[in-house]
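S.K.: Given next are the chains, with one letter for each unit.
2 protein chains.
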Amino acid sequence: MNKVETLIHVLSEDNKELLTKFLYDAHPIDVAILLDELEDENLVRFNSLVTSQDMAKFLEQSTIELQVRLIKLIDFQAIVNIFSFMSKDDVADILGGVPIKMRKDLLKLMKKSDTIKLEELLGYAEDSAGGIMTTEYIALRRDLTTSEALSKIKNIGPKTEIIETIFIINDKKELVGTVDLRDILISPEDKLLQDIMRENIIYVYPDLDQEHVALLVSKYDLKAIPVVNHRKSLLGIITVDDIIDVIVEEQTEDMLHLSGVSKEERVDSSLLTSVRKRLPWLFINLITAFLASFTVGLFEDVIAQVVALAAAMPIVAGMGGNAGTQSLSVVIRSIALGEVDLKNNWRLIFKEVFLGMINGAATGLVTGFILYLKYGNPYLALIIFIAMIGNLVIAGFFGFLIPLVLKVLGIDPALASSIFLTTATDVCGFFLFLGLAKSFLNFLI
Amino acid sequence: MNKVETLIHVLSEDNKELLTKFLYDAHPIDVAILLDELEDENLVRFNSLVTSQDMAKFLEQSTIELQVRLIKLIDFQAIVNIFSFMSKDDVADILGGVPIKMRKDLLKLMKKSDTIKLEELLGYAEDSAGGIMTTEYIALRRDLTTSEALSKIKNIGPKTEIIETIFIINDKKELVGTVDLRDILISPEDKLLQDIMRENIIYVYPDLDQEHVALLVSKYDLKAIPVVNHRKSLLGIITVDDIIDVIVEEQTEDMLHLSGVSKEERVDSSLLTSVRKRLPWLFINLITAFLASFTVGLFEDVIAQVVALAAAMPIVAGMGGNAGTQSLSVVIRSIALGEVDLKNNWRLIFKEVFLGMINGAATGLVTGFILYLKYGNPYLALIIFIAMIGNLVIAGFFGFLIPLVLKVLGIDPALASSIFLTTATDVCGFFLFLGLAKSFLNFLI
Numbered sequence: 001m002n003k004v005e006t007l008i009h010v011l012s013e014d015n016k017e018l019l020t021k022f023l024y025d026a027h028p029i030d031v032a033i034l035l036d037e038l039e040d041e042n043l044v045r046f047n048s049l050v051t052s053q054d055m056a057k058f059l060e061q062s063t064i065e066l067q068v069r070l071i072k073l074i075d076f077q078a079i080v081n082i083f084s085f086m087s088k089d090d091v092a093d094i095l096g097g098v099p100i101k102m103r104k105d106l107l108k109l110m111k112k113s114d115t116i117k118l119e120e121l122l123g124y125a126e127d128s129a130g131g132i133m134t135t136e137y138i139a140l141r142r143d144l145t146t147s148e149a150l151s152k153i154k155n156i157g158p159k160t161e162i163i164e165t166i167f168i169i170n171d172k173k174e175l176v177g178t179v180d181l182r183d184i185l186i187s188p189e190d191k192l193l194q195d196i197m198r199e200n201i202i203y204v205y206p207d208l209d210q211e212h213v214a215l216l217v218s219k220y221d222l223k224a225i226p227v228v229n230h231r232k233s234l235l236g237i238i239t240v241d242d243i244i245d246v247i248v249e250e251q252t253e254d255m256l257h258l259s260g261v262s263k264e265e266r267v268d269s270s271l272l273t274s275v276r277k278r279l280p281w282l283f284i285n286l287i288t289a290f291l292a293s294f295t296v297g298l299f300e301d302v303i304a305q306v307v308a309l310a311a312a313m314p315i316v317a318g319m320g321g322n323a324g325t326q327s328l329s330v331v332i333r334s335i336a337l338g339e340v341d342l343k344n345n346w347r348l349i350f351k352e353v354f355l356g357m358i359n360g361a362a363t364g365l366v367t368g369f370i371l372y373l374k375y376g377n378p379y380l381a382l383i384i385f386i387a388m389i390g391n392l393v394i395a396g397f398f399g400f401l402i403p404l405v406l407k408v409l410g411i412d413p414a415l416a417s418s419i420f421l422t423t424a425t426d427v428c429g430f431f432l433f434l435g436l437a438k439s440f441l442n443f444l445i
Numbered sequence: 001m002n003k004v005e006t007l008i009h010v011l012s013e014d015n016k017e018l019l020t021k022f023l024y025d026a027h028p029i030d031v032a033i034l035l036d037e038l039e040d041e042n043l044v045r046f047n048s049l050v051t052s053q054d055m056a057k058f059l060e061q062s063t064i065e066l067q068v069r070l071i072k073l074i075d076f077q078a079i080v081n082i083f084s085f086m087s088k089d090d091v092a093d094i095l096g097g098v099p100i101k102m103r104k105d106l107l108k109l110m111k112k113s114d115t116i117k118l119e120e121l122l123g124y125a126e127d128s129a130g131g132i133m134t135t136e137y138i139a140l141r142r143d144l145t146t147s148e149a150l151s152k153i154k155n156i157g158p159k160t161e162i163i164e165t166i167f168i169i170n171d172k173k174e175l176v177g178t179v180d181l182r183d184i185l186i187s188p189e190d191k192l193l194q195d196i197m198r199e200n201i202i203y204v205y206p207d208l209d210q211e212h213v214a215l216l217v218s219k220y221d222l223k224a225i226p227v228v229n230h231r232k233s234l235l236g237i238i239t240v241d242d243i244i245d246v247i248v249e250e251q252t253e254d255m256l257h258l259s260g261v262s263k264e265e266r267v268d269s270s271l272l273t274s275v276r277k278r279l280p281w282l283f284i285n286l287i288t289a290f291l292a293s294f295t296v297g298l299f300e301d302v303i304a305q306v307v308a309l310a311a312a313m314p315i316v317a318g319m320g321g322n323a324g325t326q327s328l329s330v331v332i333r334s335i336a337l338g339e340v341d342l343k344n345n346w347r348l349i350f351k352e353v354f355l356g357m358i359n360g361a362a363t364g365l366v367t368g369f370i371l372y373l374k375y376g377n378p379y380l381a382l383i384i385f386i387a388m389i390g391n392l393v394i395a396g397f398f399g400f401l402i403p404l405v406l407k408v409l410g411i412d413p414a415l416a417s418s419i420f421l422t423t424a425t426d427v428c429g430f431f432l433f434l435g436l437a438k439s440f441l442n443f444l445i
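So the protein sequences, as listed, match chains S and F. With the first letter of the first sequence counted as 1, position 31 gets the number 31 in our numbering; the numbers rise by one all the way through. With the first letter of the second sequence counted as 1, position 403 gets the number 403 in our numbering; the numbers rise by one all the way through.
Please keep in mind that the hints were generated in silico from the structure rather than gathered at the bench. Among the clues, some could well be false.
It does not matter which identical chain is meant; a pair holds if it fits inside one copy or across any two.
In silico EDC-like links for lysine to aspartate or glutamate, alpha-carbon gap of 16 Å or less [stated by the list, open to error]:
no.	residue 1	residue 2
1	Lys-407	Asp-341
2	Lys-101	Asp-75
3	Lys-21	Glu-199
4	Lys-154	Asp-180
5	Lys-263	Glu-339
6	Lys-3	Glu-37
With the hints as extra help, turn the sequences into a complete structure.
M.R.: Okay, structure coming up:
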């Protein structure tokens, strides 16, 4: 029996002790993964056999799908009980995923103070600093001694997400510094927090994009980054484990978008989901394919006279696409790492153009040579040599420019770049090669 | 004056106090970035004006290039002084980057105990758990009380990388559990560590690939993961901030490899570097392009009779490439997340094949219709419809299978998949379409 089957068996006994034994010392995430496999009926039974506190622990680790599924199955009071053991940001995430009417009804059942905080959290965009921050942190006043601080930490500790970094506020509740728990532990007992705090703090505003937050946390090796409003009052913190999720999510999204796949699709998504996610992208690509095809169509008379052109032309277009994708990827990576923007780096386009010239000449020379061996016509070789250089220059130019321009326009470069690039390299590649062939037609026949 | 110019100006004064003021409260990583911009002469001057301890802090955050550059500029005793303030794993990384003779000389100058540890660290592969672990951690015996533990932590704390997670060992020095500092703080003073420790520990062996380590840390939201040998003795730990670097590195590598770009290339790499990194990939692609071209060449007689085929054929090949890349990306992402392998998931290939049929039929129908409008030949429309279905089925089949097979063969799927895929979709696409055209030639003329 695998783990899921064992769990289903245990649930069929409807015995609290047996289940407790099964769950003993298990990691919440592993339990959450098992719960995902249960039918509704067993999920409800599971929930009735564990405490609200344990259920909260499992739900915090589970997918949003499971969270919403459970919420819809059990009664409102049970939900509110579970919520009371979860951190506010997780509750806000769940509430963001249920129908509005249900959300309102649930909020009515909660403590007034919780409702206010949750409504505030629900107000931030999902992928902003405000949307991923937690409000469970330790903020202490600057004039506390380290021993006073330590006893406060012992009290608040169990309810916060992290205790390694303590945030220091002044009497106007403005964030003025941070102290590592380590420094509190090793300092003399009567030392004031303001004397050991670090004042040069890295902080963010709630509307900052989560991708930028991740860059800061990873650059400065932070365990948590504070989120403040414009009066520098502390609103919440974002912890490093949530940042890991952001990094994985954003990078995966970039990679999948480059290939025209939605980040929601998984390898085991249903057939229908996959069709729905992939087909629109294929139709957009079909437009590109037709543009390329029409370009070729312009030269049907030339091809009719020199059929070898039909066999050679995919090389020019294809190599342009490959070289352009290289430029594109380097630039998109740099954009994601916050290294490059159009304003300060437009000169780098010259490098890409030169690169296209060199790589085009190198591959064009080999291509021309092989075609000469095959067809024995030096002019065909010369034409493909020139066309390759031209198309790889175009590839470098657009491969560099497209993502940066899209960025300026506020469009995700990873999502839309490749389609524009392929259009450019296909259309220009065919046009250049066949256009040259038409001009030199007398030498080719 | 920007920051670098200010620093150069400050250095020209050769004044310790001035530099200390300039560096006051700066984040080590920001200083490290500035140092990267300095000429050798200024770098040496900078080093002579700050303490070894501060220099160690900056070096720990700097690039390996800067580390090696500085090491080669200053005398061995100064280096060893700086090393004494750095964590062993950082020192090992630096030593791994200098010439062997220099490494040996430096190791001779160090304390015997350090040398042994460093040589052990140098023995692990760079991208393995052993290669990224640190040996600065807190391990306490299970029979200590929490108050004894706390006073030990106060002593050892300043020298370790993290204090949030304490590792618990038995009298055979085997790892038997972990305790959160938080739990030590809030437990009664006479409680034994073994009574509050978590026994179900996630740990890794030193030869595990760093990508797998990252998966575990991110799945279980760990602050640090222990590395043990086969007798379960603790060898070191890997902290979450190093894991972030691994995740960024591995994911970037996957994305760039898919496009045939080396992870070492940056947008501002020198022209020569870029040529050297990108040209080999373009030549590999050229082979694919020629295979496609030769396939077309087989049907030159058919094209000569129906030139419309030349304009239509890039659509079939191109759409196959696009659809295949979609499958490829979904599978590569799943492999990276450890979700899928060939043995347990080969049935999913049927889904990809069906998907290819549906998407091929949908795009093929539209393509056929447009070609019919353009050329007025229903048989051409029918042929491209069939060829699109066929090529998208092939795309789904290979897009799914290639990365998983490469994985089994121990080849990086991100690196080599796309080249095999394009070969398949180009060659099969042209062959299918032109082959069908040849069979139905009488209806097309």
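S.K.: Decide, hint by hint, whether the structure agrees.
M.R.: Hints versus structure:
1. Lys-407 to Asp-341: within (8 Å within a copy, 36 Å between copies)
2. Lys-101 to Asp-75: within (15 Å within a copy, 71 Å between copies)
3. Lys-21 to Glu-199: Intra 48 Å, inter 15 Å, cutoff 16 Å: inter-copy only.
4. Lys-154 to Asp-180: Close inside one copy (15 Å) and across copies (13 Å); limit 16 Å.
5. Lys-263 to Glu-339: For Lys-263 and Glu-339, the Cα distance is within 16 Å only across copies (15 Å; inside one copy 24 Å).
6. Lys-3 to Glu-37: Within. Shortest intra-copy distance 10 Å satisfies the 16 Å Cα cut-off; inter-copy 56 Å does not.
Of the numbered hints listed earlier, not one is contradicted by the structure.
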